[in-house]
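Number of protein chains: 2
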Amino acid sequence: MKLTSGVSQLVEALRCLPGIGPKSAQRIAFHLLEHDRDGGRQLGQSLTFAMENIGHCKSCRTFCESEQCDICLSAKRQDSGLICVVESPTDILAIEQTGQFQGRYFVLMGHLSPLDGIGPMELGLDIFEQQLRSGAVEEVILATNPTVEGETTAHFIADMCAKHDVSASRIAHGVPVGGELDLVDGMTLSHAFSGRKKVN
Amino acid sequence: MKLTSGVSQLVEALRCLPGIGPKSAQRIAFHLLEHDRDGGRQLGQSLTFAMENIGHCKSCRTFCESEQCDICLSAKRQDSGLICVVESPTDILAIEQTGQFQGRYFVLMGHLSPLDGIGPMELGLDIFEQQLRSGAVEEVILATNPTVEGETTAHFIADMCAKHDVSASRIAHGVPVGGELDLVDGMTLSHAFSGRKKVN
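From first to last, the protein sequence lines are chains U and C.
Counting in my numbering, the first sequence tops out at residue 200, every number present.
Counting in my numbering, the second sequence tops out at residue 200, every number present.
Be aware that a few hints might be false.
[Said to hold, decoys possible] Derived lysine-lysine pairs resembling DSSO-like cross-links, with alpha carbons at most 30 angstroms apart: (1) C:Lys23 with U:Lys23; (2) C:Lys198 with C:Lys58; (3) U:Lys163 with U:Lys197; (4) C:Lys58 with C:Lys76; (5) U:Lys58 with U:Lys197; (6) U:Lys23 with U:Lys76; (7) U:Lys23 with C:Lys58; (8) U:Lys76 with U:Lys58; (9) C:Lys23 with U:Lys58.
[To be verified] If the Cβ cut is set under 8 angstroms, some of the chain C residues that face chain U in the computed set are: (10) Arg37; (11) Gly44; (12) Leu47; (13) Phe49; (14) Ala50.
Since the hints were made in silico from the structure, they are not lab data.
What you are looking at is a predicted structure, and each value in this text was computed from that prediction instead of being measured.
For each residue, glycine too, the CB sits at the ideal point set by N, CA and C.
Just chain U, with the same shape it has in the complex:
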């Protein structure tokens, strides 16, 4: 095939994007070269900047290019005494969109997975334990994913909270609002039954 090295290098590099196969990579490369050189240039700069400069917030471990993220710096959120533990920074975005939660976060960047060598240290739970020990935390809300690994991780953190006399709660699992009962899987339904609430 006759692609010059610069073009084929670009096509190859684009394949690192998740969900982009060889055909899409080619289409994207030609689109940028033909119609959007400024966009491509801008993307190149943003990528280089982000990969070099974005690190983790020292308190909550989310992505952030300064030492602490805006949420951790907010005095109001610090005073709330609430910490919500999530698996990834995208979970923060989803929760922030509801506008319901006014506390701080702690991002694990994964879940416990001993077979892959991911233990408490890899999830930054030493930093989290320091925060529990400081006495500024009143309640920990465990919002890890409702998978086996997520549940295990939540359980582990709940034990840690108990050791430091901090109350911990798990977000509710059940039938999604607007969902239909016959389309919901059995696991979710049994969660919905065991977590039922009295109404009168």
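Based on these hints, arrange chain C on the given structure of chain U.
For chain C alone, coordinates are given in the frame of chain U:
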């Protein structure tokens, strides 16, 4: 929403990619930051290099970082006296994959579209006319897309070839190999009928 400026800049920049909406851009940004910094860095460099250095081949106008592309430099292809006119560099890739065509190409980078201000000069047809005038071209194969604009462009170039006494041909249109008749659109079918060949 609480994305730091570096991250949100990256998400915004990723949206210049065709087919990438806000959700996908976010997913890609977090994927690169979390799991593939090297890939992201490499992509940033390739993009910056490509956007700055890739220009057009001076003979065929395809993308190329040197003055002339490999196909135009090949003596064998130059001797063939064949030029295939296509609308975009991706068409070259498709034709090269068949391995059938051993001549050179000329890439229009679009089609005639007077309302958008795209005339013969914008398609580089002045360069093409020089090549016709040089006498090195025996036959021009018109492989523009079978759309109204593509047909008009092909017609225009055919007239240009006639003026310089160079024979021109149009690639065949009809039912695709392996296609089923009842799934083929009417336009293609009528092309297939008017372009029928005698078999005995």
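A quick look at each hint next to the structure:
With a CA separation close to 21 angstroms, the supplied pair C:Lys23 and U:Lys23 stays within the 30 angstroms bound. A threshold of 30 angstroms between alpha carbons decides the hint, and for C:Lys198 with C:Lys58 the separation of about 42 angstroms lies outside it, so the pair is violated. Restraint check for U:Lys163 and U:Lys197: satisfied, since their Cα atoms lie roughly 29 angstroms apart, inside the 30 angstroms limit. This hinted pair checks out: C:Lys58 and C:Lys76 have alpha carbons roughly 18 angstroms apart, not beyond 30 angstroms.
For the suggested pair U:Lys58 and U:Lys197, the alpha carbons sit about 39 angstroms apart, so the restraint of at most 30 angstroms is broken. The hinted pair formed by U:Lys23 and U:Lys76 fails the criterion: a straight-line CA distance of about 49 angstroms is larger than 30 angstroms. With a C-alpha separation of about 27 angstroms, the suggested pairing of U:Lys23 with C:Lys58 holds against the 30 angstroms cut-off. A C-alpha spacing of about 18 angstroms is found between U:Lys76 and U:Lys58, which places the hinted pair at or below 30 angstroms, so the restraint holds.
Distance restraint check for C:Lys23 and U:Lys58: the Cα-Cα separation of roughly 26 angstroms lies within the 30 angstroms cut-off, and the hinted pair is therefore satisfied. Checking C:Arg37 against chain U: minimum C-beta separation of about 5 angstroms stays under 8 angstroms; hint holds. Interface restraint check: C:Gly44 against chain U, minimum CB-CB distance 3 angstroms, threshold 8 angstroms, status holds. Checking C:Leu47 against chain U: minimum C-beta separation of about 3 angstroms stays under 8 angstroms; hint holds.
For C:Phe49, the interface hint holds, since its Cβ comes within 8 angstroms of a Cβ in chain U; the closest pair sits about 6 angstroms apart. About 4 angstroms separates the beta-carbon of C:Ala50 from the nearest beta-carbon of chain U, less than 8 angstroms, and the hint is met.
Checked against the numbered hints given earlier, the structure breaks hints 2, 5 and 6 and satisfies all the rest.
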